[in-house]
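Q: If you read the sequences in order, they're chains A and B. End of the first sequence sits at 416 in my numbering; the numbers just go up one at a time, nothing left out. End of the second sequence sits at 507 in my numbering; the numbers just go up one at a time, nothing left out.
Just so you know, the hints here were simulated from the structure itself, not pulled from any lab data. Glycine included, each C-beta is placed from N, C-alpha and C at the ideal position. It is possible that some hints are incorrect.
Unchecked claim - Computed Cβ-Cβ distance ranges for the label pairs, DEER-style:
| # | chain 1 | residue 1 | chain 2 | residue 2 | range |
| --- | --- | --- | --- | --- | --- |
| 1 | B | Asp-92 | A | Val-221 | 19 to 25 Å |
| 2 | B | Asp-267 | A | Ser-347 | 16 to 22 Å |
| 3 | B | Arg-392 | A | Val-221 | 32 to 38 Å |
Claimed, not checked - Derived SDA-like pairs: lysine to any residue, alpha-carbon spacing no greater than 25 Å straight-line:
| # | chain 1 | residue 1 | chain 2 | residue 2 |
| --- | --- | --- | --- | --- |
| 4 | A | Lys-252 | B | Gln-93 |
| 5 | B | Lys-369 | B | Glu-383 |
| 6 | B | Lys-188 | B | Glu-31 |
| 7 | A | Lys-303 | B | Asp-116 |
| 8 | A | Lys-252 | B | Ile-54 |
| 9 | A | Lys-354 | B | Ala-311 |
Take a look at the letters that make up each chain.
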Amino acid sequence: MKRFGALPAYVRWPIYAFVAVFVLTVSQNLDGTDRLTSVTTAQSMLRWAVPILLAGLGGLYSERAGVVNIGLEGMMIVGTWMGAWGALKFGPWWGIVAALVGGALGGLLHAVATVSFGVDHIISGVAINILAPGLTRFLSSIVEIPGWSITQSPRVPGVGSATLPILAGGKIGGWTSPDLLGWIGRKDWFLVSDLADLAKGLVTRAPWVTIGALVFVPFTVWLLWRTRFGLRLRICGEYPAAGEVQGINVYKYKYIAVIISGALAGLGGAFIAGPELSGIYLEGQTQGRGFVGLAALIFGNWKPGGVMGASLLFGYPFGIGLRDLDGSASHALILVSAVGLGLVALSAFRRGRKADAGLALSLGALSVVWYLLSDSVESVWINIFPYVIVLLVLVFFAQRLRMPAADGEIYRRGEA
Amino acid sequence: MAAAIELIGITKRFPGVVANDSVNLVVEEGEIHAICGENGAGKSTLMKILYGMIQPDEGVMRVEGQEVRFASPLDAIAAGIGMVHQHFMLADQLTVLENVILGAEPTRSGGRIDFDSAEQEFRRVAEAYGLVVDPDDLVEELEVGERQRVEIIKVLFRGARILILDEPTAVLVPHEVEELFRNMRELKEEGSTLLFIDHKLDEVLAIADTITVLRDGKTVATVKPEEVTAHDLAELMVGSDLPTPEAGESTVRDEIALEVADLTVQDEDEREVVHSVSFQVHKGEVLGIAGVEGNGQAELIEALIGITPAASGRISMDGTDITNLSVRARRELGLGYIPQDRHREGLLLPSPLWENAALGHQTKPPYAKGIWIDRKGARERTEEIVAEFDVRTPGVDTPAHALSGGNQQKLIVGREMVAEPSVLIAGHPTRGIDVGAQAAVWDDIREARRAGMATLLVSADLDELIGLSDRIVVMLRGRLVATLDPKSVTPRELGAHMTGANGGADA
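So that you can see chain A by itself, here it is in the shape it has in the complex (with noise of 0.2 Å):
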């Protein structure tokens, strides 16, 4: 039999997908609730995943160019303004637009101080993410739209939502079509009924920046790694010398990626300030989601299916969080990490990586611990919990990645 590990990305991710849901099914049974793969719940996952998501793919145009891109935070609070301002003054579609913009003249000024002045990429980043919320503050202070106060906007208007046909029914012109995911999800049946559950939380009532971020996923993989454009965009972050000697333009790809990489973290922005999370602009609402995103690509491995992977997987406690005012799911949620530990020691102890395996396995024990002596989370905990998810994956997962060759270097015309 082949390892696992050798097997394509296309049959190892559903086999992890139905590995996560067959845990989470056992959890919450042997919990009592079901919300763990309640359509809600697939919802909000959703709804935190998308910004995370639009963030991280920000990220991975940006350091597949070599360019470091710690700034997304900030290009998104930009994003989350301009996304309000311009659903506001001109309409809903118009705030996409602006808060793409927006971010993307955030990417520009990135651009400009780390490839142009060689300016260091982490403190040109800082810079911006310091940079953005004063920003903010000061064009809600002279905007002029009634009800907008200075940290707050009134509701945003939305570009609105689709639900897929037959799977989950929704409409075809004037005929509503079968609800099939939802028919077995009322089944009840053991572990198919949470699949089809889940499912159904996804393609239901998917806001239309929803489905444009996933379908941006493989769109991105036909660009980066299908095209003349992506290669050379690539060859920026691996070994741009090599490209220079070949005639191409390392500078120009780098700006390229760069404003891509604000544009999507800004519309990540027009995601949060609209009705498809808040509904209201919010002064500090994207709640360091940007950063999130660039743990997501790191834990996705600078690929867009792996960041889109990371992005659900961080979603889902924050989705959790979202609605769990008695703390009991996110009591469920404690066993589910629990058992992820576990796996993640058992791992490390089979290939041999002592110190991973110990670590992991005192945290399960400390997390069954909290489980046995607990019948809910209290509600600081409850925010705190998926941050610290985000820290464990990192911790143990982050040791064998490989990030571009060039990363983060600074390149100057003229060095090959």
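Using the hints provided, position chain B relative to the given structure of chain A.
A: Only chain B this time, still in chain A's reference frame:
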């Protein structure tokens, strides 16, 4: 018929030096033309001018009779010139095919790369010239010789008729050199013109149709290989006789300075890269370690110096067990270290020479007084090093990056030698430096050896290994597979042991 390349009076000045001083060169079509000269003779500058990477201040260039002026490598490529760089311009994580087509991608509508026709063209070029590489492999999986073939295919893919090869044999082991020469003859038969840089005289005599010698930026002679001997060429290159690494009288003493027993080293992924290696180095002895790069020599050195912990086994120096000591403790006990990559591990390039001289000795006088750095003492000691080891520098406050490679290396060697180590670990001590600096480094090691220093010498230069070592062991796939006597072994035999061509298990 016009010459493939004709250079008349090419001059290039850099601040403070004349790299090329009215160089004249004629390369006939369809010949293999070698450019010889010491490091710093202006060979690389000349090649860069030919490939459009830098522009000459004066002079005329003609390619196939047409006068040309290259603003960038693109112009050179368009004129049919291709360059195989000494440091391969290949991205490790891209496939061979992606690397080859980069910048000259066949595309369909929408900027889609036409991978099918790219691969067809790749195979056509590769087969026409007998170059075997799999286009779908990642470059990082390839061996050095294969990477070089990728570079050659890359150049041919762009339709180059004139190929410039910059020190193509520097990174190859003997059997790979033969393979390269076969490829070069094949290219010549197919009508290509080859211009290559080399300073290994036997190789030049074996392959070239014409040889041009550069010295101090000037062309001193153009000769045919049948008319000259290696000795003549050497004299042309240096203006006097060529120094060779000669160990001289044996100075090996009975006391063991460095003893390694059953040493196993693992890499980051916990794979064993050094398998249970044992050897001893006596006082006054130079033990040479031969091997194709990547067979565990680098990891062995790192374990000896203490950068990588030993997974198992024992290392002792002058009878003291140092297996579990830190790098600093080992250094303070008298372990000298010439790192294999002087830029990454040997120097702080932006820092002044005196700080660099203190590196590794920063805890001891004259570089330190108690917990403080002794600037005055460090400067004085650095001045001694500069004088004694002939480091050509404006002063000890000059940043290290301002020095040439040879002078940087002399500083490192001097830094270690003045500390009078009892054991010296030397990784490729003369890599990439010119003949003069090379001779100086050899002299320094020989002198210290006479004083009783034990040396572990890892080198890819087989002449250096044979000339300097008292004993040579061969490392293959993390094991010591053979012990050879440098007095009787030839580079060819050594090369065969290094690649395991003779079974590799007669140790």
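Q: Take the hints in turn and mark each one as holding or not.
A: The hints, checked one at a time:
Checked against the hint of 19 to 25 Å, the C-beta distance between Asp-92 of chain B and Val-221 of chain A comes to roughly 21 Å, which is consistent with it. Evaluation of the 16 to 22 Å hint for Asp-267 of chain B and Ser-347 of chain A yields a pass: the beta carbon distance comes to about 20 Å. A hinted range of 32 to 38 Å is violated for the C-beta pair Arg-392 of chain B and Val-221 of chain A, which are about 54 Å apart. For a cut-off of 25 Å, the pair hint linking Lys-252 of chain A to Gln-93 of chain B stands: about 22 Å separates their Cα positions.
Using a Cα cut-off of 25 Å, the hinted pair Lys-369 of chain B and Glu-383 of chain B holds, with the two alpha carbons roughly 18 Å apart. At roughly 7 Å between alpha-carbon atoms, Lys-188 of chain B and Glu-31 of chain B fall within 25 Å of each other, so this suggested pair holds. Of the pairs offered as hints, the one joining Lys-303 of chain A and Asp-116 of chain B holds, with about 24 Å between alpha carbons and a cut-off of 25 Å not exceeded. Of the pairs offered as hints, the one joining Lys-252 of chain A and Ile-54 of chain B holds, with about 22 Å between alpha carbons and a cut-off of 25 Å not exceeded.
A C-alpha spacing of about 14 Å is found between Lys-354 of chain A and Ala-311 of chain B, which places the hinted pair at or below 25 Å, so the restraint holds.
Going down the numbered hints, you'll see the structure goes against just number 3.
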